[in-house]
Amino acid sequence: MKNKILSTTTVLMLSLVMLSCSDYGQVVKGDNYEDKLLKAEALYAKESYPRAITLYEQVYQRYPRTEDGQLSYYKMGMSYYKMRDFIMAGYYLNNFVSRFPYSAKAEECLFLSAMCSVKLSPDASLDQEDTQIAINDLQTFIDRYPESNLVDSCNAIMDNLRFKLETKEYNSVMLYHNMENYKAAKTSATLFMENFPQSSYNEELAYIRVYNAFTLATKSIFTKKKERFEEVIKYCDLFTAKYETSSFGKKVRKIKENSQEELLKVSENYKFRELLASYQLSETESKAKKIIYLKETIEKHRNFVAEFPNSEFLKRANDIKEKAEKELQKLQ
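Heads up: the sequence shown at position 113 corresponds to 113 in full-length UniProt numbering, and the numbers run straight through without jumps.
These aren't lab readings, by the way, just hints derived from the structure by calculation. Keep in mind the model is a prediction, meaning the values are calculated, not measured. Among the hints, a few may not be true.
List of simulated lysine-lysine pairs, DSSO-like, C-alpha gap at most 30 Å [to be verified]:
{"#": "1", "residue 1": "LYS330", "residue 2": "LYS290"}
{"#": "2", "residue 1": "LYS219", "residue 2": "LYS265"}
{"#": "3", "residue 1": "LYS224", "residue 2": "LYS234"}
{"#": "4", "residue 1": "LYS326", "residue 2": "LYS315"}
With beta-carbon atoms standing in for the labels, derived distance ranges [stated by the list, open to error]:
{"#": "5", "residue 1": "ALA277", "residue 2": "SER200", "range": "48 to 54 Å"}
{"#": "6", "residue 1": "GLU261", "residue 2": "SER286", "range": "39 to 45 Å"}
{"#": "7", "residue 1": "SER125", "residue 2": "PRO146", "range": "32 to 38 Å"}
By construction, the Cβ of each residue, glycine as well, lies at the ideal position given by its N, Cα and C atoms.
Go ahead and model the full structure; you've got the sequences and the hints to work with.
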């Protein structure tokens with residue numbers, strides 16, 4: 001008996017579904033657009049959004065410039081939004097504003113269109129093109145409806161999206177840093193601070209720039225050391241001026257001290273090389289030029305010893321000076 005009751009109930013339910021489907025099919029195929037809109041509204045209320053969209057589309061195509069057409073287009077966008085199909089929802093809601101700019105629902109649709117872009121914004125580890133689009137769309141809403149009670153919400157959402165952009169760029173800088181790509185880390189940190197001057201990451205990245213600039217300078221060929229250590233000192237001074245109480249302060253001061261010492265060594269090396277170059281130039285067949293270069297060698301030796309009395313090049317410099325004096329005596 002129980003099985004018969006269950007079987008009867010199942011048959012009745014299937015019959016109702018088939019009747020409902022048959023009713024829906026007839027409305028879709030029919031020419032009564034008032035019935036189509038009524039059926040679409042009923043389906044929308046039941047959250048049967050795909051079926052509702054089909055009927056709303058028919059009504060809009062038939063009466064695009066009427067109130068029914070406007071309502072149908074709005075409900076198509078809302079149906080997609082409720083289905084979380086944010087690509088299609090964004091398309092319809094944004095187009096609604098273009099097609100019905102004076103509608104009472106235009107403000108809502110423009111906001112929801114922007115929210116669709118927000119929903120499509122990916123995780124910070126992925127490409128952030130959609131995040132930038134979302135920020136632009138929210139700004140468009142603010143520009144069009146500056147008095148809207150949704151402006152504060154838009155600004156808060158934009159702050160979160162900008163932080164996501166910052167995080168993406170911050171991660172890129174740190175990736176270069178961790179990979180020991182010193183030049184790229186230094187350059188990308190600089191660009192980050194230029195693009196996001198108010199970022200909470202800037203203090204750390206200012207130190208990252210100092211560290212990578214210093215490491216790059218220490219590993220550079222001799223001809224690039226002077227310029228790069230001077231750059232390190234400049235970055236250290238910028239850091240100290242902006243972040244006086246930073247936890248990175250001690251490290252930055254140490255790096256500056258080391259850079260100044262390295263610069264002194266570079267300058268010492270440069271001066272010795274200049275002395276040596278003058279002596280080598282004296283190896284010319286022209287007696288007049290030979291005298292000029294030998295005198296120049298002796299003068300550069302005098303300056304070198306005065307500036308670097310404890311130089312590691314001092315013995316070599318003295319040997320060169322003595323040779324220059326002997327050769328000069330022979331010529332005079």
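Hint check results:
1. Using a Cα cut-off of 30 Å, the hinted pair LYS330 and LYS290 holds, with the two alpha carbons roughly 11 Å apart.
2. For the proposed pair LYS219 and LYS265, the alpha carbon gap of about 14 Å is at most 30 Å, so the pair holds.
3. With a C-alpha separation of about 16 Å, the suggested pairing of LYS224 with LYS234 holds against the 30 Å cut-off.
4. Straight-line distance between C-alpha atoms of LYS326 and LYS315 comes to about 17 Å, which keeps the hinted pair within the 30 Å bound.
5. Remark: the range hint 48 to 54 Å for ALA277 to SER200 is upheld by a beta-carbon distance near 51 Å.
6. Our hint of 39 to 45 Å for GLU261 and SER286 holds, since their Cβ atoms are close to 41 Å apart.
7. About 34 Å separates the C-beta atoms of SER125 and PRO146, a value consistent with the hinted range of 32 to 38 Å.
Against the hints set out earlier in the document, no violation occurs for any number.
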